[in-house]
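Chemist: Residue-level listing of the chains:
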Amino acid sequence: MYARWVLTTLLVWPLVAGLIVLLVPARLAKYVALAASLVEFAISVPLWWTFVPANGMQFTVDAPWIAAWGVHYTVGVDGISLFLVLLTTFLMPLSILGSWTYITKREGGFYALLLVLTTGMIGVFVALDLFLFYVMWEVMLIPMYFIIGVWGGENRLYAAIKFFIYTMFGSLLMLVAILVLYLHAGRVTGVYSFGYTHLLQQVALLGPIAWWLFAAFFLAFAIKVPLFPLHTWLPDAHVEAPTAGSVILAGILLKMGTYGFLRFALPFFPGVALNQTVQLIIVALALIGIIYGGLVAMVQPDFKKLIAYSSVAHLGFVMLGIWALTLQSVQGAILIMINHGISTGALFFLVGMIYERRHSRLIEAYGGIARVVPLFAAILTIVSLSSIALPATNGFVGEFLVLLGAFRTYPVATAIATTGVIVAAAYLLTALQRVIYNPLTNHENEKLTDLTPRELLVLVPLVVCIFWIGIYPKPFLRRMEPASRQLIELIKPGTTQNEPPSAVTGGGGQQ
Amino acid sequence: MTLDPSVYGDLLLSLLPEIVLTAWALVLLMVVAWRHKTVADLRVAAYLTLAALASTAVAVWWLWWHRTTVAGIAAMVAADDFRWVADWIFLGAATLTTLISVAYLEREQLLAPEYYVLLVFGTLGMMVMAAGADLMVIFLGLELMSVAVYVLAGFDRRRARSAEAALKYFLLGAFASGFLLYGIALIYGATGTTNIALIGAQISLAGTAPGAMLLVGMALLTVGFGFKIAAVPFHMWAPDVYDGAPTPVTAFMATGVKAAAFAALFRVMIQGFAQVAVWHDMVWWLAVVTMVGGNLFALAQRSVKRMLAYSSVAHAGYLLVAVTAGGSAGSGAFLVYAVAYTLMTIGAFAILAAKGRAGESDVTNDDLAGLAARRPWLAFGLAVCMLSLLGFPGTAGFIGKWYILIAATSAGQNVLAAILVLTSVVSAGYYLPVIMAMYMKPAPAPAETAHVEVVFDRWGRTALAAIVVLVLLFGVWPNRLFDLARSAGDSVRPMTTTAGQ
Chain A
1 MYARWVLTTL LVWPLVAGLI VLLVPARLAK YVALAASLVE FAISVPLWWT FVPANGMQFT
61 VDAPWIAAWG VHYTVGVDGI SLFLVLLTTF LMPLSILGSW TYITKREGGF YALLLVLTTG
121 MIGVFVALDL FLFYVMWEVM LIPMYFIIGV WGGENRLYAA IKFFIYTMFG SLLMLVAILV
181 LYLHAGRVTG VYSFGYTHLL QQVALLGPIA WWLFAAFFLA FAIKVPLFPL HTWLPDAHVE
241 APTAGSVILA GILLKMGTYG FLRFALPFFP GVALNQTVQL IIVALALIGI IYGGLVAMVQ
301 PDFKKLIAYS SVAHLGFVML GIWALTLQSV QGAILIMINH GISTGALFFL VGMIYERRHS
361 RLIEAYGGIA RVVPLFAAIL TIVSLSSIAL PATNGFVGEF LVLLGAFRTY PVATAIATTG
421 VIVAAAYLLT ALQRVIYNPL TNHENEKLTD LTPRELLVLV PLVVCIFWIG IYPKPFLRRM
481 EPASRQLIEL IKPGTTQNEP PSAVTGGGGQ Q
Chain B
1 MTLDPSVYGD LLLSLLPEIV LTAWALVLLM VVAWRHKTVA DLRVAAYLTL AALASTAVAV
61 WWLWWHRTTV AGIAAMVAAD DFRWVADWIF LGAATLTTLI SVAYLEREQL LAPEYYVLLV
121 FGTLGMMVMA AGADLMVIFL GLELMSVAVY VLAGFDRRRA RSAEAALKYF LLGAFASGFL
181 LYGIALIYGA TGTTNIALIG AQISLAGTAP GAMLLVGMAL LTVGFGFKIA AVPFHMWAPD
241 VYDGAPTPVT AFMATGVKAA AFAALFRVMI QGFAQVAVWH DMVWWLAVVT MVGGNLFALA
301 QRSVKRMLAY SSVAHAGYLL VAVTAGGSAG SGAFLVYAVA YTLMTIGAFA ILAAKGRAGE
361 SDVTNDDLAG LAARRPWLAF GLAVCMLSLL GFPGTAGFIG KWYILIAATS AGQNVLAAIL
421 VLTSVVSAGY YLPVIMAMYM KPAPAPAETA HVEVVFDRWG RTALAAIVVL VLLFGVWPNR
481 LFDLARSAGD SVRPMTTTAG Q
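Just so you know, the protein sequences line up as chains A and B, in that order. Using my numbering, count along the first sequence one by one with no gaps and you end on 511. Using my numbering, count along the second sequence one by one with no gaps and you end on 501.
Derived from the structure by calculation, the hints contain no laboratory data. Don't take every hint at face value.
[Claimed, not checked] Here are the simulated distance ranges between beta carbons:
#, chain 1, residue 1, chain 2, residue 2, range
1, A, Q201, B, V455, 57 to 63 Å
2, B, P376, A, K447, 52 to 58 Å
3, A, T277, B, A174, 57 to 63 Å
4, B, A209, A, A67, 52 to 58 Å
5, A, W211, B, A174, 19 to 25 Å
6, B, V476, A, W211, 32 to 38 Å
[To be verified] With a straight-line cut-off of 27 Å between C-alpha atoms, the simulated BS3-like cross-links for lysine-lysine are:
#, chain 1, residue 1, chain 2, residue 2
7, B, K37, A, K30
8, A, K105, A, K30
9, A, K474, A, K447
10, B, K441, A, K105
11, B, K168, A, K162
12, A, K162, A, K105
Every residue, glycine too, gets a C-beta built ideally from N, C-alpha and C.
So that you can see chain A by itself, here it is in the shape it has in the complex (with noise of 0.2 Å):
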């Protein structure tokens, strides 16, 4: 039964949640925005047992939606969705709680907006129709553009246009490209239906129009991950937008350009993917990201900004992985996009919270607080340890597969990338020092006062999660190998079995 109906409890409770706090007092709002994301963790916990990792996609609904079209709603997870739909879920309500003081005005507007996104984020992952991919896709658009546009800071008109119109003009040509590829499918087999899989069956025949239709996703993706060139509206909104819209942008928005790739870019246009010079380039892309995301990040006076740099970064690394198709590296990247939701998340949780003592981001106007501030300094330098990926925290894990994996695939590309690694520790560590140690010279941050209880209780699930992956990493691994497997096999078939031994089951090779 609760296989039946989870995912679509999971979409539409969001959007019921979010009039309900519509209509309540809007001193209430928050209130009834926690218990009603509190819910929805609830209702998708199960998820992670109920799980059966061989199974391939589960917990599937179909119905028809436009019958005109051949459109479904169609939903489904599989090991790879799984964990982005929980990551979802799990942050919406630390969200919700790290944005208790910091959001005074229009209280019951922000809190409803950052519902309905909960519908459109796990819209994204579940949705198995490229008609409800779109329309989530772009439907999760508006919220985050009203509460970076409402909410945001200074500058955040602009912010939030340029991040408007840099998704929606990568969108609408993914939009021609999945329209072309229906009617390819269409033609071939008579059956008109944006099915995923339906789409799936019929993509090896496309021809030389495959390119252009690789290269419209491959823009759409790309700007949203983001890769190099494309990645400008980035800092932009997530330093102009407020902390929970942050968090939610690095957490969980990003997310969504990779796991496209994953899904869709790479299963579909496997012959484009793979050629050559799409490698080199995309490859060349995700190490300048790593590189030049993290030197930036170096010079930025801006604590926040700099965590936005760092998110480029991060996301060169998944990009690196899913394109070394390995089955270590694709596992590693899976594990990199939660990692980044929950070390990143963290990361601009904490700088909200200064934030909000000390109206102030810049790095230089701290300095010392470690004495006045104990807990804060302590969360905060696990928290930036893991974002390094010291061993022992999840960031560990991640990265090490990743590099482990796409060795062999791309030896030169993973070790000019393993620099990308030291980079990171000179930046944040940097940071941390200046932050943190160093002499305690501004009066004002002599009167700072340390976290409260409820501060408390967003960071401390962060942490728990950053130890858990970082020391005990089989849970996550082992749901995902099958659903990472299967998908190199699509892919590249017959390249899993000559695969050293799997990080987990030991037993490489065996389907």
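Starting from the known structure of chain A, fit chain B onto it as the hints suggest.
Modeler: Relative to chain A, chain B alone:
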């Protein structure tokens, strides 16, 4: 039910909706001849207009329900689903226009109930255009519609801009009619008939490349229609006329008039000239130039009303894509998009009419600042309309655009589809600032008195609520609309498939 046009009774029956509306128009004319002084008289006229439009819609429904067709191909009027659906669009546009006009006319002290008579006659002209299976009938409808709208554009005669709009529209419209008529004459010279189906049959029977006379005739015909639909480069009149005319009239012009011209264009191009390949190229370029031009010009506007005027030019470009795609998919896409476009455009103009003063030509984005805080529902309505105009998922505008894209890609027009979506991205640059102003900018000080002058009466609220509900409903559940559009699209077929054999 098949009607034989050579029998007098059947001919009348096939024109039933037009006859009903004409009768009402005459009744209305009589009533306003005696009662044309006070606000109460305006109300009476508005009620009568709504009754007229509703009963005509029922007449259309009755013919649709009985699956009325006209026997033979040489009839002057067509009776098919395309006509019925187009009629409903015109009647819907006229109804919504009436609803938003009531408060407007009272506020602007335009106490002349003849306004509604002209509105009804304009609608009648549109219906005749959609019904015309003969170029002469189409021309007749076009003139009936145009003359009524010329007067409506200048209805606020005390304002110079309104008078200027009327004069400009009349002069350019007269030219356009001349082009159209000359085109018809040349086509008659080339084929020996003005019946659209027979023209198609003539061309396909001749089997040779069309002669120069036919091509020039077609080009002139396209120019004539291009004026009416405000396609670039024949759009020059549109911004000034839309700007100067009273806002409800602008809404009516941007939706009803445009839809009527498109309906006629579809019938002529797809039924008459399906065999002439040249017009595809012609309309292809027209569509590209219109989409690019309309969107870029709209980007540069400060006044919301002018922005909407240029945006309606851009939307004419999207509809031209449907014309280029042709076939039943193109006609179906046109009808769905026309429904969506009518709803969202009238919605946007309705709020502008409520906000503005003295012609609203100087309402800028900044004047809408902070509207969301003061009038949340109104702002929500306008935001929905803007997103729908942008083609955002969850709204009717998205479904319409998607339909056009499907029609274009299935006709092999991938490049045109790509241009359509790219120009849509540009349109975000002028639709979003409206939302931005309403929601993200603070109201001008003093905040307590901002936007108090925005008065939306019961009628306007009803219209806006209906629009928002329908835009969202069609955006999520367009199935019924599609069934209708598909059977309507199928009914506009090139006659050559039957006549040519």
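Chemist: Next, verify each hint and record whether it holds.
Modeler: Here is how each hint holds up against the structure:
1. A:Q201 to B:V455: 57 to 63 Å: 59 Å, holds
2. B:P376 to A:K447: 52 to 58 Å: Roughly 40 Å apart at Cβ, these two residues miss the hinted range, so it is violated.
3. A:T277 to B:A174: 57 to 63 Å: Hint holds: Cβ distance 59 Å, inside 57 to 63 Å.
4. B:A209 to A:A67: 52 to 58 Å: The hinted range 52 to 58 Å is violated for B:A209 and A:A67, with Cβ atoms some 42 Å apart.
5. A:W211 to B:A174: 19 to 25 Å: 51 Å, violated
6. B:V476 to A:W211: 32 to 38 Å: 34 Å, holds
7. B:K37 to A:K30: 55 Å, violated
8. A:K105 to A:K30: Cα-Cα ~12 Å, so holds.
9. A:K474 to A:K447: 44 Å, violated
10. B:K441 to A:K105: It holds: about 13 Å lies between the C-alpha atoms, which stays within 27 Å.
11. B:K168 to A:K162: Not OK: B:K168 and A:K162 at ~39 Å, beyond 27 Å, violated.
12. A:K162 to A:K105: With a Cα-Cα distance of about 24 Å, the restraint between A:K162 and A:K105 holds, given a limit of 27 Å.
Going through the hint list in order, the structure does not satisfy hints 2, 4, 5, 7, 9, 11.
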